[in-house]
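S.K.: Let the sequences and hints guide you as you build the complete structure.
Numbering (numbering that gives the first Met the number 0), first residue to last: 0 to 403.
Among the clues, some could well be false.
[Stated by the list, open to error] Each computed DSSO-like pair below joins lysine-lysine, with the alpha-carbon atoms no more than 27 Å apart: (1) K352 - K362; (2) K346 - K362; (3) K292 - K346.
[Stated by the list, open to error] Across the chosen pairs, the derived CB separations fall in these ranges: (4) K346 - R397: 21 to 29 Å; (5) A280 - D184: 45 to 53 Å; (6) N295 - S163: 37 to 45 Å; (7) G308 - V109: 32 to 40 Å; (8) R397 - K292: 28 to 36 Å; (9) A78 - R327: 23 to 31 Å; (10) G129 - T330: 51 to 59 Å; (11) R215 - S368: 33 to 41 Å; (12) H73 - I345: 51 to 59 Å; (13) T330 - T111: 44 to 52 Å.
Hints are computed from structural coordinates only; laboratory data are not their basis. Being a predicted model, the structure only gives us computed values, none of them experimental. Backbone N, C-alpha and C define an ideal beta-carbon position, used for all residues, glycine too.
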Amino acid sequence: MPSTIAWLDASSEEQRRMRDIIGLFTDRESRDELGLSAIRDPLGDMLFPGTSVLHTRARYLLLVPWVYARASTHANPAAEADNLERTLIGAIRKTDDNGGLIGLTAGAAVRTLPSSMYWGLLGRLQIRAGPGASRADTLAEHLAANGGGDLDEAGTQHSAWHTSIPNPPPGFPRELPGGFALRRDEAEWLRERILTTTPGTLLAHLTQDGPGEESRAPWEDPAVLRASGDARTVLDHARAFSAVVHGAQLLYNLLLAEAYEAAGYDDVTNPVDDYRQRLTAWATTLPEHVDLKTWNVDELIHRVELQRGQIVPARTRRFVTAWTALLRHSTLDELADNGEARALVIKCERESKGAQARIGDPKRLVNWSGGSGAGALAYRWNSVRRMLVDLHAGLNARRGANDA
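M.R.: Below you can see the structure in the form of structure tokens.
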């Protein structure tokens, strides 16, 4: 198969994780400076299976299969899939609902296509057959299922896509009435896929109890707080972990700010004062998110390891356990000047980043922009919330809306 898609012959899950890393690296507030991703990412997978920070709109879960099904009958299916995805960008740009369009600025010249970003989620929701199948495999399998190509070893033809997937609208992909707005039948079908493949998760709960559009973290949304059972247990752990380590993230940035000012850099205005104020605010609100006396860190790590299928790195476990214990016996509003807390954060960065550590190396601070991994963990919430808002808008749409 052409090299344009061969890189996805590796694990689709691995590709999703790599794209998440790239996406988080470009967001200075979300960078993982303290090695917390070994816990953060499995929690995100437990809450919202298969999702990514790079996901934008729910209808891509239909647009990509439609493109690939059509391209599979072409003489050069890989090239045709590439061409149709780029054609689709132009069609969506012309509509009123084009927010979150991958390629909105670059147009057909965009380097990363939607299929590469959504491939893992399409497998997780069993919209495509074979969760580990590459795009090349899927094109070939769909061709065979429709009377072309080779049969499998048993002489059987299999569809590469779920057989009940709704049909694309007339004119697709050169036209897409409604842009990213889901038709009602599409939204109902996507909800069924999520409920069937991710039962008991917060994602499944939110297909039936939709979130609002404004919350910055899951636990700020009333619909999320109505979750029960295991979904609520995971949510409570995720919320507690986010709140607890946010103090470490802020202290880390305070240490950077102090070193930044001491080195004579001044592009960032008053960063030390800013982070001291943010730490004070964090200390005030921490009890709203976690009861430090009763929160079970060992249970959190056990759940994370079951999700990962491997143990949490020892340095991450040591830091999270020690940091939580420190908070339990410290005066929180004095954390900024707590020598034990400072030493713990400095050690954590050095163990996580080695020679790339910034603390103690003024040369690595010259390009510091005022925040590095300072944002509280929200577990892909902005992306997930946007797709769920799309889903519920479709569920509430008049049947037949957006049809040509």
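S.K.: Against the earlier hints, flag every one the structure doesn't satisfy and list their numbers going up.
M.R.: 4, 8, 9, 11
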